[in-house]
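Engineer: Residue numbers (this note's numbering), protein chains in the order written: chain A, 1 to 108; chain B, 1 to 308.
These are calculated hints, taken from the structure and not from any lab test.
All of these numbers come straight from a predicted model, not from anything done at the bench.
Heads up, the beta-carbon is just placed ideally off N, CA and C, and yes, glycines get one too.
One should not assume that every hint holds.
Computed Cβ-Cβ distance ranges for the label pairs, DEER-style [as the list claims (entries may be wrong)]:
(1) B:D13 / A:L11: 31 to 37 angstroms
(2) B:D133 / A:S24: 49 to 55 angstroms
(3) B:T150 / A:Q73: 52 to 58 angstroms
(4) B:G188 / A:A26: 38 to 44 angstroms
(5) A:D94 / B:T150: 27 to 33 angstroms
(6) A:L98 / B:I69: 48 to 54 angstroms
(7) A:V38 / B:R96: 21 to 27 angstroms
(8) B:G188 / A:D94: 20 to 26 angstroms
(9) A:L88 / B:R203: 35 to 41 angstroms
(10) B:E40 / A:M1: 46 to 52 angstroms
(11) B:G98 / A:D94: 34 to 40 angstroms
(12) B:G179 / A:N99: 53 to 59 angstroms
Not close to chain B: a few residues of chain A, all C-beta gaps over 10 angstroms, as computed [said to hold, decoys possible]:
(13) I2
(14) I4
(15) D5
(16) R16
(17) S24
(18) T36
(19) A45
(20) Q73
(21) A101
If you want the footprint, here are the derived chain B segments under chain A, 3+ residues with CB under 8 angstroms [stated by the list, open to error]:
(22) 25-35
(23) 104-113
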Amino acid sequence: MITIDLLVAQLSGLRRQDLDRWISNAWVRPDGNAGTYVFREIDVARVRLIQELRDEMRINEEALPVVLSLLDQLYDQRRRMRELSAALQRVAPDELRLNLARHLARQD
Amino acid sequence: MDDPYKTLGVSLDASHADIRRAYRTLAKQLHPDLNPGNMEAENRFKAVSAANELLSDPEKRAQFDRGEIDATGRERAQPASYRDYAEGEPGRRYGRTGPQPGGWSAEDIDDMFGKMFSEGGRSGGKARMHGRDELYALTIDFLDAVNGTTRRLTLPDGRSLDVKIPAGTVDGQVLRLRGQGNGGVNGGSDGDALIETHVTPHRYFKRDGQDIRLELPVTLAEAVLGGSVEVPTPAGPVRMRIPAHSDGGGELRLRGRGVPAHDGQAAGDLYATLRMLAGGPDAALDEFLRNWKPEHPADPRRTMEAGQ
Numbered sequence: 001m002i003t004i005d006l007l008v009a010q011l012s013g014l015r016r017q018d019l020d021r022w023i024s025n026a027w028v029r030p031d032g033n034a035g036t037y038v039f040r041e042i043d044v045a046r047v048r049l050i051q052e053l054r055d056e057m058r059i060n061e062e063a064l065p066v067v068l069s070l071l072d073q074l075y076d077q078r079r080r081m082r083e084l085s086a087a088l089q090r091v092a093p094d095e096l097r098l099n100l101a102r103h104l105a106r107q108d
Numbered sequence: 001m002d003d004p005y006k007t008l009g010v011s012l013d014a015s016h017a018d019i020r021r022a023y024r025t026l027a028k029q030l031h032p033d034l035n036p037g038n039m040e041a042e043n044r045f046k047a048v049s050a051a052n053e054l055l056s057d058p059e060k061r062a063q064f065d066r067g068e069i070d071a072t073g074r075e076r077a078q079p080a081s082y083r084d085y086a087e088g089e090p091g092r093r094y095g096r097t098g099p100q101p102g103g104w105s106a107e108d109i110d111d112m113f114g115k116m117f118s119e120g121g122r123s124g125g126k127a128r129m130h131g132r133d134e135l136y137a138l139t140i141d142f143l144d145a146v147n148g149t150t151r152r153l154t155l156p157d158g159r160s161l162d163v164k165i166p167a168g169t170v171d172g173q174v175l176r177l178r179g180q181g182n183g184g185v186n187g188g189s190d191g192d193a194l195i196e197t198h199v200t201p202h203r204y205f206k207r208d209g210q211d212i213r214l215e216l217p218v219t220l221a222e223a224v225l226g227g228s229v230e231v232p233t234p235a236g237p238v239r240m241r242i243p244a245h246s247d248g249g250g251e252l253r254l255r256g257r258g259v260p261a262h263d264g265q266a267a268g269d270l271y272a273t274l275r276m277l278a279g280g281p282d283a284a285l286d287e288f289l290r291n292w293k294p295e296h297p298a299d300p301r302r303t304m305e306a307g308q
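With these hints in hand, go ahead and build the complete structure from the sequences.
Structural biologist: Pasting the structure below:
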């Protein structure tokens, strides 16, 4: 949990006005309001990701919302997979899990 | 660690711009946040990042070229990547359904398990779920469907079910056997066995709601002179009197001899439509008809207009 000043100081190459714009575009969603933003670890990681997408991979800010939206959908699905897997661990008998694994492995 | 030049796929005399370009190209392919769960991409990305870091720093590149440092010593611990958070609980912050933790929606459950599992809306791990209904088809003889019967059905899992076919069952009717489908989950009730009936047609009976119809062949003498004949009904043959001077096409009713009473419906009737059969060649009949002068000559086709 860090403030915006700390975050800007921590990430080299990050300009305050860029970050403000990303927040107002809702690409980054810290807690609190303008002036009292608090960034969680995931927010920091997301800022770093956006920086890398823009600076290293040359994805300009017009294309960024598309990329972020696809990534968010991808991670929604990945989270669901993990939840499904956790639910199966909890409630499915070993035999059913084994059968499922065999069945999925057979599909080629 | 491999040679950083090879890792980036650049020559030993590559310019700074060449190295940046090569790194960007590879980063687009291999960035772990873009390849979640792909260990190979992650490892290659780490190698590519380390190689880029080394070669894009002129001082370190010169040291490496002179053999003063090796490629491994410079690998910096990567900060936690976005993916490490996004896949887990914190990732909900940027998820489609907002930051609140919560179970799957009915749509999510439908997507994964098919329609019937989302019954009762949102479901956590301990949701009670009604067992799935199982559908079977059963072919029944016409008379069994009319009169009712019991049939033993062997299920695919080896169980056998005694299915009571109620009197008056119609083609396509679905019989529901409570609790004979798939087992419920977490104390939910068992599903039902649904049995769709197919009633085979009868050789001469036809179903008309509660009534039964049939075509009853009679001889010329029976039609003209009348008499008692045996008529089949769903419950067995009964004797019926044919009135004298009946015509072909005439309809006789046997009250209460149709479909038996069931489910509050009164028993139906049996309607017999007379079909007159002249029978085979008969010299005496030929002779009689040649000499016969009808008492009231009439044209049976007088109501038909020509060409209609």
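Engineer: Please go over all the hints and tell whether each is borne out by the structure.
Structural biologist: To see whether the hints hold, each was checked on the structure:
no.	hint	in the structure
1	B:D13 / A:L11: 31 to 37 angstroms	holds, 33 angstroms
2	B:D133 / A:S24: 49 to 55 angstroms	holds, 52 angstroms
3	B:T150 / A:Q73: 52 to 58 angstroms	holds, 55 angstroms
4	B:G188 / A:A26: 38 to 44 angstroms	holds, 41 angstroms
5	A:D94 / B:T150: 27 to 33 angstroms	violated, 41 angstroms
6	A:L98 / B:I69: 48 to 54 angstroms	holds, 50 angstroms
7	A:V38 / B:R96: 21 to 27 angstroms	holds, 24 angstroms
8	B:G188 / A:D94: 20 to 26 angstroms	holds, 22 angstroms
9	A:L88 / B:R203: 35 to 41 angstroms	violated, 56 angstroms
10	B:E40 / A:M1: 46 to 52 angstroms	violated, 34 angstroms
11	B:G98 / A:D94: 34 to 40 angstroms	holds, 35 angstroms
12	B:G179 / A:N99: 53 to 59 angstroms	violated, 25 angstroms
13	I2	holds, 13 angstroms
14	I4	holds, 17 angstroms
15	D5	holds, 19 angstroms
16	R16	holds, 20 angstroms
17	S24	holds, 16 angstroms
18	T36	holds, 18 angstroms
19	A45	violated, 4 angstroms
20	Q73	violated, 7 angstroms
21	A101	holds, 16 angstroms
22	25-35	holds (count 5)
23	104-113	holds (count 3)
Violation of the numbered hints given earlier is confined to hints 5, 9, 10, 12, 19, 20; the remaining hints are satisfied by the structure.
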